[in-house]
Each structure stands twice: as structure tokens, then as C-alpha cells.
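Combine the two chains into a complex, taking the hints into account.
So the protein sequences, as listed, match chains A and B. Count the first sequence with the numbering used here and you get residues 4 to 736, in order. Count the second sequence with the numbering used here and you get residues 56 to 117, in order.
None of these hints come from the bench; they were simulated from the model. Accuracy of the hints is not assured; some may be wrong.
To be verified - Ranges between beta-carbon positions, derived for each pair: (1) B:Ala72 to A:Val196: 57 to 67 Å; (2) A:Arg176 to B:Val59: 48 to 58 Å; (3) B:Ile70 to A:Leu368: 33 to 43 Å; (4) A:Ala49 to B:Leu67: 42 to 52 Å; (5) B:Ile70 to A:Ser435: 47 to 57 Å; (6) A:Arg73 to B:Ala93: 28 to 38 Å; (7) B:Ile58 to A:Ser72: 54 to 64 Å; (8) B:Ile58 to A:Ser384: 44 to 54 Å; (9) A:Ala49 to B:Ala72: 32 to 42 Å; (10) A:Gly87 to B:Leu67: 48 to 58 Å; (11) B:Trp75 to A:Ala163: 14 to 24 Å.
Just so we're clear, the structure is a prediction, and the values are computed from it rather than from any experiment. All C-beta atoms in this analysis are idealised placements derived from N, C-alpha and C, irrespective of residue type, glycine included.
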Amino acid sequence: MNTARATTAGHVEWLDAERQLSHAIFIAAGMRCAACAGSIEKAVAALPGVDNVTVNVATHRVNVQFDASRTRLERILAAVDQAGFRALPLAGGAAVAAQRDEKRAAIKRLGVAGLGMMQIMMFTFGLYAAGPNGIATNYEHYFKLIAMLITLPVLFYAGAPILRSAWQNLKMRSLGMDVPVSLALLLAFTASVYNTLRGTGEVYFDSVAMFVFFLLAGRFVEMNARHASLSASDALTQSLPETVARLTAAGATERVPVADIRPGDRLSIPKGAVIPVDATLLSASASIDQSLLSGESVAVNKTAGSELPGGAVNAGGVIQVAALSAIDASVLATIVRLLERAQRDRPPIARAADRVAGWFVLGILLLAVIVAGGWLLVDPSRAFSAVLAVLVVTCPCALSLATPVAMAAATTRLARDGVLVARADAIERLASIDLIVFDKTGTLTQGASAAVRVTDTHRVTADAALAIGAALERGSTHPIAQALLRHADAAVVATDIVETAGLGIEGVVAGCRYRLGRSEFVAALTATQRPGEQQPDYSSASIVLGDSDGWVAAFELTDPVRPAAAAAIAELRNSGLELAIASGDRPAAVQAVAQQLGITAAHGQLSPEQKIATVQTMRAGGRRVLMLGDGINDGPVLAAADVSCAMGQGSSIAQAAADLILVDDSLQGVGRAIKTARRARQVLRQNLTWALLYNVAAIPAAALGYVPPWLAAIGMSLSSLFVVLNAQRLTRR
Amino acid sequence: MNIVFVLVPLGLVLIAAAVWALFWAVNNGQFDEVDSGADAPFRDDADPAAAEDGSSKPRDSR
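Okay, chain B solo, but in the shape it has when bound (with noise of 0.2 Å):
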């Protein structure tokens, strides 16, 4: 059992990373608007033929 003294600790450290990444997430703006992601499957694509020369911008992070 007492290898709860080590993974407890250790638990402890995925947590300051879970609230790390959060932070980081909220920080980005990954939860100003969180209306339209549903709307996402109705628009269009990006142009493939902008896609293909290479030439398209990084698109939103959502």
C-alpha cells in the first residue's frame, strides 16, 4: 500500500496539468463562443483547390 504515497503525488501532477491545459484553452478563447461549433457541419469547406497550392490560411481553431 504504500505505493499510495508515490502515485497520489503523482495524481496530483495530472491535475496541475488538467488545470494547466484548461487555463491555456480558456486563455485562447476556446470558450468566447461556444454557439456556432453546432453550426460547423452546415458550411462549406474550405476551397480544396486553395487547400492544394498551398496557399490556405489556418482557418479558425475551433
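For reference, chain A alone in the conformation it holds in the complex (with noise of 0.2 Å):
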């Protein structure tokens, strides 16, 4: 149908072939109530060529149908901005018309289905009230006919997504849910064509488009709450824009693709723009806002040499950034392989209820020969009416639901939480984690926002020592880096930068080769130790810079707890779990913070194989540990943990070893996941056990003969939505 094209600025923009209007969509970012979306209706109306917009206050999304020959998108895009918000590019506009699409066909199947089915029960009807003499036979024979005729369109138009499955299903050979359904569906469709034509015996489209009906309804609540699960991530997944101004060596500036940024490009952000790679700011100040990223709507101020993370907007004017990765190594583009990720994998529950699917639909099959077999040696008159009972009643529809909709829901409420679930499979041990393990740095203290003091140099100015540590840092994400790297000077550039994970840097400034570090680490390289150690204040951490000839610094960072840390940890305690500190601080430091936050258990001095040996003993020991970490130093923990979780601004190997990521480094979202997680299990098993419950009660029955196919499919329907309206329970409050 329509081909999307992305225009130069990044937002998705197509031509409507039927009434040669270009469809342009993009986000509206600052809109906060339906008044807003009422005044950027009102703005880009009153422009000329303008057709149509609509604007979803819920998503944020703005929708805009204009003849391009009298208003250029750009023109649209600017008048958004005069009325106050941020126009942001979307670029994954095909996804968007496909789910768009998806929801349309859906809309008009079941439509027809709804409609078939009204107006074929209206004929049954009068078949079934006509009394024990029933109708003329010329009446009879004509409703017949005309329920014939409509139920064609239901079970082939509407029932088609149904057919096709069982189709493939079969191709595959394997058995789906869908393969009893179709069955029961064509047997009797084609028994009630055959008994129509032949003009006597019972028919059945009125049990045929009911299912069909009903059937579809379950799935359009489902993919419903599949559109709102992905569309909660995406402002993030979709606000990569798809090119960016580059600044040549001679100071022109080109457009490239986003994928052609290499480490080093100078690049030109214009205002309201998303920076797309983590890039440091060359401008002397700018205004950023990582709403996109940390789900607060702030402006942070940066200073030149300040690190801007991929994915944040520039909210002031025009700077211009040098980048520091290449988009595929961004933080926006690592939170969207993530997201991706878990949106392929399966949960393992899930993957065993579709195994258990398939036997199951195998004993559907087999019983259903059992029952025909039995029934034609009883009474042969009411053998297919009850082999189609058993077909529809058995349907593991509600079965295979109950998983995929609890774990939609609760991704859900967790990503309106802050906490963005990257492993599918995490909400279901979350549920069970009964110690949370700690990491102390950037975890519970601030981490990015310490400040660093230079307390002792030796051969150079505090300034250029600063410098050297910066330039050492930059390519590292630990908290220290963090605080060091506001204090960069592009003149300074380090090479053959090397970091072990907990001790240090090492690598060459000007010729010369340094290490920064923990004082052991950087004693290896000096050959001598630091004169006159002083002892650091408890709440800060001292790293040291040498270079072959001895000492040159000593930095000091302070590194205070968060704000929020004291009430989120009381309310985890409160809730029931233990709590841990596991930190490759110093020992005092660790106890200072433990004492603040009223932890008793205090590991300090861990090298991450002993953070991980200590998290192992305590698994061991038969405890369901989540470990919390944002540095360098914590993705082999994390992965060593049951459950882990990364802060949102910490490194990205930490959020790649994890399968959750607080999105605002809030720990009250910790609280909030354990409590969805929890309830989400509540939910899932009841959801289980409602379905098997269902199925064993009725199979008898139907065998029996006791269930009428028509009183089946409302059964199984009824029990397909009890699952799907249950799991949404979630979603609320």
C-alpha cells in the first residue's frame, strides 16, 4: 500500500496513493493533557494543505494528512514548536502503520463476524422456535440457505487468520491450537452445507460464526494489550532519527546516514533534535533533556566537554558535539537491543505451556475418535454434535493465553513504573527473590554526579593532572570516570588505553604511559609506594595517577548516597527481604554507607571474582538473590546473580549482563517491580489453573453429549477472556 519514506529531518512521511495527501507522523514531546493536544491541533489546522490531524494524547503522537504541494512538512514541524512543544522524529514509522494496520483488519473481521453472527442466530431462530411441528418446509429450507450464504463470509474472510495458522501449523507439522479449532470449524461447516443442500439434518453455522466471533474477540483484547506493551518503549525504540549533520574538516556540513557516525565526527545538533550517539559537547553549554532516556522530564545544563548520552534531546539551541561511539555502541541503541530482546524471548513457562499445547491438542484429536467411535455404537444420530462439542470445548485457547497476557501486562505496568524489563523470563524469578545484593557506587550513592578533589600532586599543576586523568577516563563509563571527565581538555588525548575492571586504567598522554588508579595497581607501574597515605574521609574514595618515574596525583571523589536511597531501602526491608552490600570499596566506606541505609549485611574490598563468589555462596546457600549494579565492574555479577538489575545510566555492559534496568536509577522502582512481579505470578497461576480447570470440567461433559457445539464455543470464549481481562487487573493500580 503506502510507501514510507523518511524525509531529511528524520520523520516518517508518505504519500496516500488514493487521495494524493502525504501522511507525516511524529511525536509531540511536552504534552501533558488534552488541552495540549487541543492547541497543536489548533496550530498546524489553521496552516495551509492541511487535511487532517489528529493527535493521541496517550501515546503523544501526532498525525498530520496534507496536500504537500501547499505545506511542506518542515512547515508543520516549526508550527508545533511556536505552539510550545517538541516535534520529535519517529523512525520506526513502518512498524507503526504495520501495528496500524494489524488493528484495522482486526477491527473489520470482527466486525463482520459480529454482524454475520446476528444475523445468522436471527434465522436459527425461527428454526429453533417453531415448535415440535416446525416450519413449512419451503421456510425452513430457505433460512437454511440464507445462514449458508452469510456464514461464508464469517468463516472465510473473518476466520481467515484462524485457517491460515492451523494451515501452517500443519505445513509445519506441528499442532497448534488453531489445528482442533479449524477442524471444528470445516466439519461443521461442511456437515450443516451438506444437511442444507440434501435438505434435512441438523446445521451449525450458527455455532460456526459464534466461535468464530468469539474466538476473535479473545484475540483482539490480546493484541490490544501486545500494542500497548510495545508502544509504552516507544518514544525510546522510535526516537532514533535516520540522519544527522556532519561538520567536515573544512567546517561544511553534510547529511549522513546515522550508521556512518564514526568515533571522533563532529557533529551539528539543531534544537529539539535527538543526539544519536553518546557524544561529548564541544559547544560551551548546552540544555539537554533525557526524558527519552531516564523518563524525567528535565533539563539538565552540560558544560563543554560534558558527556551527552545517546538518545537525550537537545532542548536549547544549536551545539555542536564531537561523537564518542558509533550509533550500535550508544546507550539509546543498547536499551533497544534490550528491549528487542526480550520482546523475542519466551519466556521458559511459556515455551513449556506450548509444548504441553501441542500433546494436548494431540489427546483433543484422539479423544475426539474416542467419543465419534463410542457415540456411533450408542446412538450414531448424536455422534457429530458431540464430537464438535468436544473439538470447541477443548480448545486450549485460554491455556495458551494465560502466560503471553500476564507477562504483556505486567511488562507493561513496569515500563509506566520505570523499570524496563530486558529478559522476558525475569518477572517470573523476580517473583521469588527473597535477599537483594547491593553494589555500593552509582547503586545506592550517586556515582555520575560525585565530585572530584585533586589532595596531592607531585611534578604538575592540579589542572593538568586533572587532564591526564580525564583524557584516561574517557572512554569508560564507571562512576569516577564520570566525575573525572568534567574536567576533560581536548588538547590532552590518551592512547593504548587499557582498563582492568577494579583496579584501573592504564594507557600513554603525550609519550608518556600512566596508570590511575587503586594505589596497588599503580604501584605496579611506579615501583614505588605513595609517600604519607592519609586516611580519607569515609564517604569518598581516593584513586591515584603514577607514570613510570613515581607518583603524580592523588584524587579524592565524594560520593554521597542518593537522596531517595534511606526510604526505598526501608521499604524493601519492610516488604520482607534482605538486604546486602557487595562493593569493591574500601571496607570504611561500605560501613559508612551500610550504617546510613541501616544494612547490617556489608561486604567491602571485592574484587568482582570475589563479588561473584559471594553471590554464588549465598545461592548456594538456597537464597533467591537479585543483585543491583551499575559499573564496569558488575556485569559478570550481575549475570551471576538470579535476577539483576542495571541503573539506567550505568554502564552499558551492566545493562547488557542485565534483565532489568531502572530507567530513572529510582531504587523505589525496585520495590515496585518485586510487587508487580509478585502479583503477576499470582495472576499467571490463577490464569493456569482457571484454564485447566475449565477444560477438565467440560471435556466430560461435551463427550457426553450434555454441551450443544453453540453453548461450547460461548463457554470456551467466555474462558479465553476470563484469562485475558484477569492479567489487565495488572496493569492498574
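Dropping the structure here:
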């Protein structure tokens, strides 16, 4: 149908071939209420050539149809800007259009099935209500023919996805739940057509139509749940621009695809645009909005040399930045990849349900054969109706819906609470957590916002020492590096950088080899002990810089506890969870933080290997461990825990290893996530129990012929609907 | 009762019309976004002055 194309601004725009109108979708950031939506609609509708504009308050999406010969897209975006909102590009326009088309097709099918079902019921009611003598044969025959006529589009248009999926299942030699369903539909329809044409015998057109309608209704609800859980991460996954302005060496501007950005490229970011990759600010100052990344919509002021995460939005004037990474290594791309992986992953319990469903379907088919055999011996006239009832009533729809809808609802709820689920099965494991282990730096403390102070220098000035330190830490996302990077000097460049996790960094600056990190690590290079090391204040950490000639400088970092940490920790303890700290920092500093937060188990001075060993010992003792971390050290230990959670502002290595990501860095998200996971587990159990009980109870009744096919269709559908609605409770507060 | 043989096909024509209307509405995006209709009473009406000078544009069709 429509061919989408990306404009230079990255906004999705396509041509509606029928009406010769261009169509564009973008996100208007800053929208908070219905009145905002109204003012955007008014501003855009006032432009010449705009045919139609709709604004969705919930998803912040603006949908415009316009005559491209009279108004350019840029003009529309400018109008949105003038109205006080930022028009953000939406790179995943093709996905949006696909989702919209899927929903439209589903509504059409549902409508056809519903209208058809009601008509058929009307005619078959005439047959049922006629009493013992029946109605005149010519009317009866006529009504059946009409019902058959209406069943055709209901079964073969509205029911097409069910039949197609069953056919694909058979081609793949697997048994999905659509196989017995399609078998029942086609059997009932064929028998009814045969009976109609020969003029005697039962017809089941009403049951066929009703079954199709209720199946589609269940799937419609499930589709909406799925779309909702996708749109929760929409703004993030679809905010990447498709091209960016790069400055050439001569100072000219060229447009290049974001995929071509290389570290070191100088990029010009206009107001309101997304910074596509992690970058260092070259302009004197900038105001950026990280709401896409953290959900926190506050503009943050940055000065030259600060690092800007990919995915942040430039809220101020035009800025120039130097790319630090290629697009696939940026913070945003990492988060997008994690989300995509989570959406692909199927939780083990769901996979198990799929396997069970295969055997279940085989069982149903065997049972249908047995029931047919039994009734043929007892009363052949009732055999067909009993087999149909068995096939319909046993449809394991509720069973296979139970897990996906519960997980989709829980994921949506968690995303709303600021917790991204990177691995789908994490929700199940999270529900049984009883011990939480925290890393200290950057998790319980603020990390990135730590202040750095030069306490001691030797042979260089304090500023030069800071510049060397910053140059060495350039590629690192460790909290200490974040603090040092604020002192970066573009003229000081480090090469041959090697980072040793938990110890420090080695690199060459201006021909001289330096080490920066813990004193024992640096001592290996300097071959001398640093004289007169004083005991630093508890809330700070000290690292040293040295070259092969000896000590150069000592830095002290002050790293206060996160403001909301105490409340969040107290809440976690009150909900019966045990808490512990495992940190690489000095025991004194760890103890101080532990005391401040009231955590009794605090382990300090742990190497990454020791951290892993600590977590493994806890797990061997039967504990279910949730590990929270954020640094480059934390990747392996996160992977060693039952469930792992990384801070959204932490390193991408930690995020790649984590099951959950706290987007707004708020520890309160942990408590909420555990609560939601426990409720999700409860809902999942209710759903599975319900689905099994329903099937177990309904099968004997259907096999014994107590359930007419139409009642079987209603029962099956209500059971699926129950499962879906039960899961939806999770998204509510 | 023979009128049934005329009225039922007539009913089918009405159903076909209803299906056509539904398809038309779906294709024109009437069901794409059903959340914000509830907010409509709280939105400002189109500028009355603009309406008078005839320059107002068709607003969204919801």
C-alpha cells in the first residue's frame, strides 16, 4: 500500500496514493493534557493545505494528512514548535503503520463476524422457535440457505487468520491450538452445507459464526495488550533520527545516515533533535532533556566537555558535539537492543505451555475419535454434535493465552513504573527473590554526580593532573570516570588505553605511560609506594595517578548516598526482603553507607571475582538473589545472580548483563518491580488453574453429549476472556 | 408470508451496507485512536474569530 519514506528531518512521511495527500507521524514532546493536544491541533490545522490532524494524548503522537504542494512538513513541525512543543522524529514509522494496519484488519474481521453472527442467529432462531411441528419446509430450507450464505464471509473472511494459522501449523508438522479449532469449524460448516443441500439434518451455522466471533474477540483483546506493551517503549525505540548533520574538516555541513557516524565525528545537533550517539559537548554549554532515557523530563545544563548520552534531546540552541561511539554502541542503541531481545524471548513457562499445548491438541484429536466411536455404537444420530462440542470446548485457547497476556500486562506496568524488562523470564524469577545485594558506587550512592578533588600533586599542576586523568578515563563509564570527565581538556589525548576492571586504567598521554586507579595497581608501574598516604574521609574514595617515574597525583571523590535511597531501602526491608552490600570499595566507606541506610550485611574491598563468589555462596545457601549494580565491574556479577538489575545511567556492559533496567535510577522502582512480579505470578497461577479446571470440567460434559456446540463456543470464549481480563488487572494500580 | 422471500434479501442488502460503512470508517482512521475522544469536552473550541472569517480549516474528523 503506502510507501513510507524518511524525510531529511527523520520524520516519517508517506504519500496516500488514493487521495494524493502526504501523511506524517511524529511525536510531540511536552504534551501533558488534553488541552495541549487541542492547541497542537489548532496550530497545525491553521496551516494551508492541512487536511486532517489528530493528536493522541496517551502516546503523544501527532498524525497529519496534508497537501505537500501547499505545505511542507518542515512548516508543520515549525508550527508545533511555535505552539510550545518539541516535534520529535519517529524512526520506526514502518512498524507504526504495520501495527495500525493489523488493528484495522482485526476490527474489520470482528465487525463482519459480529454482524454475520447476529443475522445467522436471527434465522436459526426461527428454526429453533418453531416448536415440535417445525415450520413449513420451504421456509426452513430458505432460512438455512440464507444462513449458509452469511456464514461464507464469516468463516472464510473473518476466520481466515485461524484457518491460515492451522494450515501453516500442519505444513510445519506441529500441532497448534488452531488445528482442532479449524477442524471443528470446517467439519461443522461442511456438514451443515451438506445437510442444507440435501434438505434434512442438523445445521450448525450459528455455532460456526459464534465460535469465529468469540475467537476473534479474544485475539483482539490480546492484540491490544501486545500493542500497548510495545507503545510503552515507543518513544525510546523510535526516537532515533535517520540522518544527522556532520561537519567536514573544512567546516561545511553534510547529511549522513546515523549508521555512518564514527567516533570523533563532529556533529551539529539542532534544537529539539535527538543526539543519536554518546557524544562530548564541544559548544560552550547546552541544555539537554533525558526524558526519553530516564523518563525524567527536566532539562539539564551541560558545559563543554561533558558527555551527552545518545537518546538525549537537545532542548537549547544548536550545539556541536563530538561522537564518542558509533550508533550501535550508543546508550540508546543498547537499550533498544535489550528491549528487542526481551520482546523476542519467550519465558520458559510459556515455552513449556507451547509444548504441552502440542500434546494437549493431540489428546483432543484422539478424544474426538474415541467420542465419535462411542456415540456411533450408542446413538449414531448424536455422534457428530458431540464430536463438535468436544473439539470446540477443549480449545486450549485460554491455556496458551494465560502466560503471554500476564507477562505483557506486567511488562507494561513495569515500564510505567520506570523499570525496563530486558529478559522476559525475569518477571517470574523476580517474584521469588528474598535477598537483594547492592553494589555501592553508583547504585546506593550517586556515582556519576560525585565531585572530584585533587588532594596531592607531584611534578604537575592540579589542572594538568585532572586533564590527564580525564583523558585516560574518556572511554570508561565508571562513575569515577564520569566525575573526572568534567575536567576533560580537548588538547590532552590518551592512546593505548587498557582498563582493568576493579583496579584502574593504563594509557599513554603525550608519550608518557600512566596508570590511574587503586594505589596497589599504580604501584606496579611506579615501583614505589606513595609516601604519606592519609586516611580519607569515609564518604570518599581516593585513586592515584602515576607514571614510571613515580607518583603524579591523588584524587579524592566524594560520593554521597542517593537522596531517596533511605526510604526505598526501608520499604524493601519492610516487605520482608533481606538486604546486603557487596562493593569493591574500602570496607570503611562501605560500612559508613551501610550504617546510614541500616543494612547490616556489608562486604567491602571485593574484587569482581570475590563479588561473584559472594553471590554464588548466597545462592548455594538457598537464597534467591537480586543483584543491583551499575558499573563496568558489575557485568559478570550481575550475570551470576538469579535476577539482575542495572541502573539506567550506568555502563552499557552492566545493562547488557542485566534482566531489568531502572530507567530513572530510582531505587523505589525495585520495590515496585518486585511487587508487580509477585502479583503477576499470582495472576499467572490463577489463569493456568482456571484454564485447566475449565477444560477438565467441560470435556466429560461435552463427550457425554450434554453440551450443544453453540454452548461450547460460548464457554470456550468466556474462559479465554476471563484469562485476558484477569491479566489486565496488573496494569491498574 | 411470501413477503419473507423479498424482505430477507432486502435485509441482506442492509447488512452489506452496514459492513461497507464499517470498512469505510475503519479505512478512514475512525478506530485508530479511541482514547482521546473522552477528552474532547475539555478542549478549547476552534477560535470563533477564525470561523467567522472563513479561514478555519477542517479539524480532525473525530
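Please flag the earlier hints that this structure goes against, numbers listed from lowest up.
Violated: hints 1, 8.
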